[in-house]
Each structure stands twice: as structure tokens, then as C-alpha cells.
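Chains A and B are the protein sequences, given in the same order.
Everything in the first sequence is counted per the numbering used here, starting at 1 for the first residue and increasing by one.
Everything in the second sequence is counted per the numbering used here, starting at 1001 for the first residue and increasing by one.
Quick caveat, the hints were computed from the structure, so don't treat them as lab data.
Note that the structure is predicted; figures quoted are calculated from it, not measured.
Quick reminder that beta carbons are idealized off the backbone N, C-alpha and C, glycines included.
Any given hint could turn out to be false.
FRET-style restraints, in silico, Cβ to Cβ [what the hints assert, rightly or not]: (1) A:GLN229 - B:PRO1098: 58 to 64 Å; (2) B:LYS1124 - A:CYS201: 28 to 34 Å; (3) B:ILE1154 - A:PRO53: 36 to 42 Å.
Which residues of chain B face chain A? A few of them, derived with a C-beta cut under 7 Å, are [to be verified]: (4) ILE1043; (5) ASP1047; (6) PRO1100; (7) LEU1212; (8) ILE1222; (9) ALA1227.
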Amino acid sequence: MKIRIKNIEFKNPVFTASGTFGYGDELKDILPLEKLGAIVTKGISLKERKGNPPPRLAETPCGLLNSIGLENIGIERFVKEKLPSLKNIGTEIIVNVFGEKIEEYVEISKILEKEGIRCIELNLSCPNVEKGGMEFGRDEKIVRKIVEKVRENFNGVIFVKLSPNFVDILKISKSAEKGGADALTLINTIIGTSIDVENLCFKLKRGFGGLSGPAIRPIALYIVYRVYQEVDIPIAGVGGISDAKSAIEFLLAGATCIQIGTQNFIDPWISFKIIDGIKEFLKRKNMKLEEIIGYLNKK
Amino acid sequence: MFVEEKAEIINIIDLDKDYYEIILSSPQISKLAKPGQFVNIKIQEGDFPLLRRPFSIWSAKENYIELLIKEIGIGTKILRKEKKGKISVIGPLGKPFPSPQKDDIIVLLGGGTGIVPLCFYAEKIENKKIFFIGFKHSPNPYILKRIEEISDKIFISTEDGSFGFKGILSELFKEEIEDIDSEKTKYFLCGPYEMLKTFEKILPIDRTFISLEGIMGCGFEICMGCAVKKRDEDRYIRVCKEGPLFLLKDVEI
């Protein structure tokens, strides 16, 4: 079940997705976190961010809109308060990095490199902030520039997390690859809204947010399938995976690994069930993991 | 520490148009549960409704937990019609209510399902307990009887005047506050938003605890959804982690 991306070997292809698993160690007394392929942390910014005012969540049919706004303690406190515990978990930690300016991505990456972090995920796709995130991810040139600048300063594995909001995701994916990304994370949430008719207002305080959950699975799956044909770097598939079967869909479409997001909220044990489910599937089909990755896809 | 349990539905009792009670066989959670905590229930298998639904624990003894639920949306509607069988329950979640000092007088102010965590608390503490409860219409006699059994004194208001004082709970409370309030009086408040806002103006914020609801993704600290603003500080804390009970002087409502 092992996978390799660049020079890093992961125990298995099942990761937790950024923003859906806290800083990563909250559930360490309850879950055998060392069994995960990797943990992707909450988005970490240079300075502490308080996040958006509530309500921050609204449920939609088979989906969840969120407008958390990247609440986080900032890189300095993250390194001091969270990293020691995360390093002790015994699985790969991928730090999700967010910046309002290009230099902030670089700055954080430098700090993480110094702290011995081997994998980062550049968040170029969050829809819930006024500056940075999705705004950067919409511009091919900026995407390439951010990845290039981070690449100059970070030797480990760089995942770039992209989103399909208002962009040609094929072009953006290729820009990230050209900039030096080692892998792509597809996809971040899809921008959306929901309205409280009775009270004549938006359900989210900020008006709109990012949609996740099974509702977006077919969109995410198609994007993974399509981008796989255009790039030569591995893809981490994410978007509405809720069981082993939907995880395997992403692998068959071309994802090298998958990330579990919203389903963690409903079933925090889900990643372990998916690891077992993929193992059981491979055994039943008498196939190896590398055989099912991209099985339904042609380059 | 929380667990997931496949809890057996022992009974679903219709109390009136709005309210119903669910009794679940939940040997692990019932032993761990403390007053003020909640459980998060997967309404049915599959992707709809997607999220679990959080419910305060009404009572927990032996191997059972009891929940008093108001039908307010699709989740609580489906749950009410659930056939006997097993449902997934995660809990207990959130911080328990604090143990009172021996001579504290405990005043419990509950509106609608806001009475639920207050009842569990009152059941477990030995102090003098005064209940103020407010409903839109006359509450079910079964609910009333339960509260009478665990309180030393009970005041009731209904908005339509069909039972007790006619009007909102804070109006009834204002008439009694002088006789009740002392430095030893601790207030525990839980109910709809408008009620909390009204009581905020009346109660001493350093002796009032408020049990809050939040729109939750998980209930166990990982989604950062159920944010509540700290009073006099520019940051948010979480209903599921730091709460659901807060000292009123610490949070903005």
C-alpha cells in the first residue's frame, strides 16, 4: 500500500485533508494516527488569523458550505505549540501553507524547511479570505511564480492545492507543474451559497463559502481524471470521499493518493476504514495499488 | 474522551406536535456522560442529511441515555420517525457543567429545549435548585413532572398564557429576582437567542453561565465551525471545545 512522491515514501495513499482535521493532533488519544498515510494540517499563515464571524457553516443536500476563513495560530505558534506533538505521531506531516502575499508563502516554507518538515501543501484556492488563496489560484502567472519562489526555498515535496472556481483548471495545473510542484491536490472547495428564506438572509455570515462533501464528488473526480491526462506529476484526489468505494474511484481516475475531508466530521474513524477497504479491494481483485492508479485513464 | 456507539433505539415517545423523547441503550456513553455534555447523532445511514445532529443529554443512567428533542428541521423530523434499530452516536462531547459550591443556590433558566442540559445538571447536584422555564404553549405534563421532581421551586411562563405566567420568561423572572438573587446565587441559562439576549441585560454576567448552541461540523474540535466570540477580545473560541457552557462575562452572544 506504500506510495512514493518524489523522494518521500508514504505508508499508504490515505491522507486527511486540510481544514478538516484540525492542526492534526487533536484526536491523538482516540485514533491510531500513525496508521494514516499522512496528515495535512490546517492552513497556516505567517500571522495569526482569527477567522470569519459565525455562522461559518451551512449544510446543503449531501454537502457542507464552510466559511471558516483560515482561523489559525500563525506559523510561530504553530512551530512552538503544535509541531513537537505532530512530529511524534509517526506519520508524514504535510503543512498546508497560506499567504496573503507571495513573500508570505516563501517565508513560511523557509521556516518549515528549517524545522525539518518534508512536505508542504500550498493553498492557492481558499475561497473564504479577502486576499490570497483563490485570488492567486485564478492567475496562471501568479501560480507559477509562487510555486517557483517556494521551490527555490524548499527542498521537500511541494503539493499545490487548486480549485475549479472561475478558472481553467487544466491551465492552472500546468502552471503549477512548470513552477516546480511535485504534486497537485485536486480539488479545494467549490464556491457557493445558501439562503435562509424565512429570515431573508444568507445562511453564512460572510454570504458565501466553499462547498465540500459528496455533493462535489463527481466534479472533483472528473477534474482529477482530466488533469491526470495533462500533467506528469502525481495527484492527491480530494472532494466528497466518504468511503473506500469513493476513494477507489479517485485512484482509478488517476489519483496517486486521496484526502479525506468533510467525512472526518461525520466519522473521525473513516480514514482507517478506507485504508482497510482499499486493502480488501486489492486483495479481492488480486491487484496492486499501482495497477489501479489511473486504471481508467490514458495519458 | 469520546466514543462511537451503535446505540439501540429503545423508545421514541411523541410528547406533542413539537417535542419527542428518545431513549437509547448506550452503555458506554451513558457511563461517561456528565451534565452539560452532548451527543452527536447520525440521523440515518448514507449522505443525507450529511452532518450529525448534536443533542444535549437530558438524562443518563444505568445503560441508557435520554434525549428531549424538538422537531425543527429535516434531521429531527427523520429521527422522530426512525424505526427501532441501531443508530450511530458519538459522545459524550463538550465540557461538563462545573460542580457547584455546597451553599450555592442554583437558578436554572431554560427556554424550550434549553431546559434539557439544565435538567441533567439539576438531577445530579444536591444544592437548592430553582427552575424558571418558558415555553410558547403549555408544556407537556410529562416534561413538567420531570422538572418538578428535580427542583425545589419552579416558575413557568407560556407566551400564549395557556399555562402559568403569560409572557416571556424574563418578565416573570424580573418579578422574582429580588427574592432570589444573592452573592451565592449562580445562574445557568439555556434557550433561544432572543431569550439569551434579554437575560443578558438582567443577570450578573460574572455569576451567570450560559449554555450555547453552535452550528457544528464535528463536535470534537477539528472543523472550527462553531465559533463564538470572546467578550472584549478579538478572537473566537469554540462551542464544542471551550463550551458549550460559558461564563456570560467571557463570551459575546
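Comparing the hints with the structure gives:
| no. | hint | in the structure |
| --- | --- | --- |
| 1 | A:GLN229 - B:PRO1098: 58 to 64 Å | 59 Å, holds |
| 2 | B:LYS1124 - A:CYS201: 28 to 34 Å | 39 Å, violated |
| 3 | B:ILE1154 - A:PRO53: 36 to 42 Å | 37 Å, holds |
| 4 | ILE1043 | 11 Å, violated |
| 5 | ASP1047 | 4 Å, holds |
| 6 | PRO1100 | 29 Å, violated |
| 7 | LEU1212 | 11 Å, violated |
| 8 | ILE1222 | 4 Å, holds |
| 9 | ALA1227 | 5 Å, holds |
When each numbered hint is compared with the structure, violations occur for hints 2, 4, 6, 7.
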